[in-house]
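Using the sequences and the hints given, assemble the complete structure.
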Amino acid sequence: MSQSVDTSVPRIGRLDAVRDRWQNLPKWQKSLGAVAGIAFLYYLPLLGIPGLTWFRTDSIEGGSSWAGTLFTCAIYVLVAIGLNVVIGLAGLLDLGYIGFFAIGAYGVGLFGSVNSPVVKLIQERFDLPATWAVGWVLCAFIAVLLTMISGVILGWPTLRLRGDYLAIVTLGFGEIIRIVARNMVGVTNGPVGISAIPGPEGPPSSDNNIFGLVDVKPWYWLAITFVLVMVFAVRRLEHSRVGRAWLAVREDEDAAAVMGVNPFKFKLWAFAIGAALGGLSGMLFASRYAFIDPTQFNANLSILFVAMVVVGGSGNMAGVALGAVLLGYLPERFREIADYRWLAFGVAMVLVMILRPQGLIPSRRRARELKDRAAEAEEAPAHV
Amino acid sequence: MNFDALISEFGQHTVDGLSKGAIYALVALGYTLVYGVLRLINFAHSEVFMVGTFAVLFVWTQVPFEGIPSPGQAVVLLLLALVAATLASGGTALAIERIAYRPLRKKNAPPLIFLITAIGVSLILVEIFGQLLPDLLGRALPELFGRPRQLVGMPTIIEQKDLFTIGHVTVNNIQVIVVVSALVMMALLDWFINKTRYGRGVRAVAQNPETAALMGVNQERVIMLIFVLGGVMAGAAAVLWGIRAGFTLNSVGFVLGLKAFTAAVLGGIGNLRGALLGGLFLGLVEVYGATLFSTQWEDVIAFVVLIVVLMFRPTGLLGESLGRARA
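Residue numbers (the numbering used here), protein chains in the order written: chain A, 1 to 384; chain B, 1 to 327.
Simulated from the structure, these hints should not be mistaken for lab results. Any given hint could be a false lead.
Here's a subset of chain A near chain B, in silico, CB distances under 10 Å, partners left out [as the list claims (entries may be wrong)]:
(1) ARG162
(2) GLY163
(3) TYR165
(4) ALA196
Keeping only pairs whose Cα atoms sit at most 25 Å apart, straight-line, the calculated SDA-like set for lysine to any residue is [unchecked claim]:
(5) B:LYS161 <-> B:LEU6
(6) A:LYS27 <-> A:GLY37
(7) A:LYS265 <-> B:ILE307
(8) A:LYS371 <-> B:PRO111
(9) A:LYS27 <-> A:ALA318
(10) A:LYS265 <-> A:GLU238
(11) A:LYS371 <-> B:ARG139
(12) A:LYS371 <-> B:GLU220
(13) A:LYS371 <-> B:VAL304
(14) A:LYS265 <-> B:VAL308
(15) A:LYS217 <-> A:GLY62
(16) B:LYS106 <-> A:ALA374
(17) A:LYS27 <-> A:ILE38
(18) B:LYS106 <-> A:GLU378
(19) A:LYS265 <-> A:GLU369
(20) B:LYS106 <-> A:ARG365
(21) B:LYS106 <-> A:LYS265
(22) B:LYS106 <-> A:LEU355
(23) A:LYS265 <-> A:LYS217
(24) A:LYS265 <-> B:LYS161
(25) B:LYS161 <-> B:ILE177
(26) A:LYS265 <-> B:VAL304
(27) B:LYS195 <-> B:GLU220
(28) A:LYS371 <-> B:ILE99
Covered stretches of chain A (chain B as the covering partner; in silico rule of three or more C-beta atoms under 8 Å from a C-beta of chain B) [to be verified]:
(29) 89 to 97
(30) 349 to 360
Beta carbons are placed, not taken as given, at the ideal position from N, Cα and C, and that holds for glycine.
This is the structure we're talking about:
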């Protein structure tokens, strides 16, 4: 056995022990713990416990808004949960996830802002006043629906491809979305971007008491609520028939097909659900900043999203959430590394893949799968 | 859609497209070689090319000459750049193989892990040239790293001159140099793979790694060889890029790499002659498409071509083979 495998085994063991202890607690203790954890998440933006204030990003000179950083982390977690469905559960490498994020953002922008050409067209067609726009709730639905549809449209022709081809096609897809947003000036305003994107209280204005541009705390609470709901929903999905089918397809597509699981169908589901979560996240992003333009959606972010999932531990929701929080938070708190954040992300990705491919908090099943493969390699060293 | 412009200038666009495609083809060879032997898409290959362009820039800014060099000087500068770029690119490719891929191969890691590692490596290289080196060497080498993450112009080595005209089509010296040198490099590689003893080893490992090992082929050496060969081709492409485009930046590899990969798939990944055909074909399609729709859609055209090819003929125009097609 090689050195790295030897060292990683006991570490997984320790983590597993913690996990086992948690799982064996009586039910009331578990729910108490969960409630306390959730309460703490809602309390985080107000964090003032002596000693812990060190963690706040505004505790350093020129640091960015603490609630703003938390909000970014929360929408990253949402992205990571969605991408985890695609990469971690279904085993499909999607390098164009920013495309879905962008579609979600543009979904709410195009239908909700009075400055969007789409809204202007509808106003003209139906003789509506110049202040009319689609309400935020409906916009949110449209945005998520649009991303789901685009997930299916992208997945339909490409999910039959081999995994490595899929990666490149999705990378191309992310770029296409950005270029389309830049070039179709008549629909998206092109490089000028879309402003006055509404929030839950309607378009941004100084009359908004809760969801304004200055105080980000309510936005964080909104985002974390979405995160909690989605964690719950995806958890249920993971342990359902669909979730088992995803794992089966990931581990051995042919065997799964023989057992009566239609790989294509379930991959498409994974793609659509993953896309919808990306869209939801993009929608929140656009609403919070009230402004979007194509430069905010470049390919680097897709790589960042993949890094969150694989560094955290693909297949494990706690792992990917940790990955998202680390990658969103660390560069904000430690400004010294801000310039080098992308370099650090790249190094982290490579190191994790070589030394601990299952990620920081691994999914047990995935860790076993990788160990099996390593053991096979020991037996038959001639294999490439 | 601007059909008139396409038809009236068809010949001119064809020449443009070929000189563009020749560079794609050279970079595509790197993807094809590695894929043919390891069935691995070396995502980081685009950055191997990027490193090559910086080596070219280094030579052309550090070797002193004034104004436009004379033909004799130009030849020397080109050869120096070729040596530097092939060393830099080949060395980078080899380093990537040794440091990143080899530990994974030993562990028999699934393809997904290789892909993610490759992306990480690619990001590292882009950032080294965009942030780390400018911070370290920005003052010592302002011509290279003075403007981090920005386009950096290269000095003109060969002045563009129209050489001859056939009908309405004018061909200039740069186009001839690019296409001819690319073809020569590819012919050399083709000869190397098909006619030499080392090439036979490469083909043997591509066909069947275990049997090749039994026949005494050192597999590790073959793998190192193909990475170096791919890097050398990318280095040559970097020199031609320097002549034709005349600029570089740390993210120059991203779009070019995607297109070269498209070219490799288009011709049939793993197939050397396919890479040539795919590269030239993609160059043409792109130039024609850009004329039809406008240049701002140029990058989209390549991606759409990629998706269409993968859907209808995933084995490419000439089929997959480096040796023979593997199931």
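Each hint tested on the structure:
| no. | hint | in the structure |
| --- | --- | --- |
| 1 | ARG162 | holds, 8 Å |
| 2 | GLY163 | holds, 6 Å |
| 3 | TYR165 | holds, 6 Å |
| 4 | ALA196 | violated, 26 Å |
| 5 | B:LYS161 <-> B:LEU6 | holds, 24 Å |
| 6 | A:LYS27 <-> A:GLY37 | holds, 15 Å |
| 7 | A:LYS265 <-> B:ILE307 | holds, 20 Å |
| 8 | A:LYS371 <-> B:PRO111 | holds, 15 Å |
| 9 | A:LYS27 <-> A:ALA318 | holds, 20 Å |
| 10 | A:LYS265 <-> A:GLU238 | holds, 16 Å |
| 11 | A:LYS371 <-> B:ARG139 | violated, 48 Å |
| 12 | A:LYS371 <-> B:GLU220 | holds, 23 Å |
| 13 | A:LYS371 <-> B:VAL304 | violated, 39 Å |
| 14 | A:LYS265 <-> B:VAL308 | holds, 21 Å |
| 15 | A:LYS217 <-> A:GLY62 | holds, 19 Å |
| 16 | B:LYS106 <-> A:ALA374 | holds, 8 Å |
| 17 | A:LYS27 <-> A:ILE38 | holds, 17 Å |
| 18 | B:LYS106 <-> A:GLU378 | holds, 8 Å |
| 19 | A:LYS265 <-> A:GLU369 | holds, 23 Å |
| 20 | B:LYS106 <-> A:ARG365 | holds, 21 Å |
| 21 | B:LYS106 <-> A:LYS265 | violated, 34 Å |
| 22 | B:LYS106 <-> A:LEU355 | holds, 12 Å |
| 23 | A:LYS265 <-> A:LYS217 | violated, 40 Å |
| 24 | A:LYS265 <-> B:LYS161 | violated, 57 Å |
| 25 | B:LYS161 <-> B:ILE177 | holds, 12 Å |
| 26 | A:LYS265 <-> B:VAL304 | holds, 24 Å |
| 27 | B:LYS195 <-> B:GLU220 | holds, 21 Å |
| 28 | A:LYS371 <-> B:ILE99 | holds, 21 Å |
| 29 | 89 to 97 | holds (count 3) |
| 30 | 349 to 360 | holds (count 5) |
Going through the hint list in order, the structure does not satisfy hints 4, 11, 13, 21, 23, 24.
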